[in-house]
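Colleague: Sequence:
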Amino acid sequence: MISGINGSNLILESMAKVRVEEKIIDKAKIVGNKGEYVVQFYGSCAEWNGEPVVLCSARDPYKPRIFKSLDGAVSQLSKIGLSKTSIIITGL
92 MISGINGSNL ILESMAKVRV EEKIIDKAKI VGNKGEYVVQ FYGSCAEWNG
142 EPVVLCSARD PYKPRIFKSL DGAVSQLSKI GLSKTSIIIT GL
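If you use this note's numbering, the sequence shown corresponds to residues 92 to 183, in order.
Treat the hints as calculated values from the structure; they're not laboratory data.
Just so you know, not all the hints are guaranteed correct.
In silico lysine to aspartate or glutamate, EDC-like type, Cα no more than 16 Å apart, as pairs [claimed, not checked]: (1) Lys114 - Glu138; (2) Lys175 - Glu127; (3) Lys175 - Glu112; (4) Lys120 - Glu138; (5) Lys170 - Glu104; (6) Lys175 - Asp117; (7) Lys175 - Asp162; (8) Lys154 - Glu104; (9) Lys154 - Glu127; (10) Lys118 - Glu138; (11) Lys159 - Glu127; (12) Lys118 - Glu142; (13) Lys118 - Glu104; (14) Lys120 - Asp162; (15) Lys154 - Glu142; (16) Lys120 - Glu104; (17) Lys120 - Glu142; (18) Lys125 - Asp162; (19) Lys170 - Glu127.
Sequences are here, hints too, so could you generate the full structure?
Modeller: Quick look at the structure:
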């Protein structure tokens, strides 16, 4: 298993892309509701301290990246190279 930034479970897009290419990460979930969606990664080594690895922003690498739309999150995953995605809507 490989941690994210400073031993956390947060990773940047560039880190996620490398892990997808190396087949460390092979799927993702988009979790959230109404303009607050977070991308969580899954795979053979995509957990850190029992929690899924989460995409963060280069502007604020110590907090999960919040997407305002599902389209934005799915587009980001496509750029990273993932085609397997689950969407979980919470708080309904």
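Colleague: Looking back at the numbered hints, which does the structure fail to meet, lowest number first?
Modeller: Of the numbered hints, 2 and 19 do not hold.
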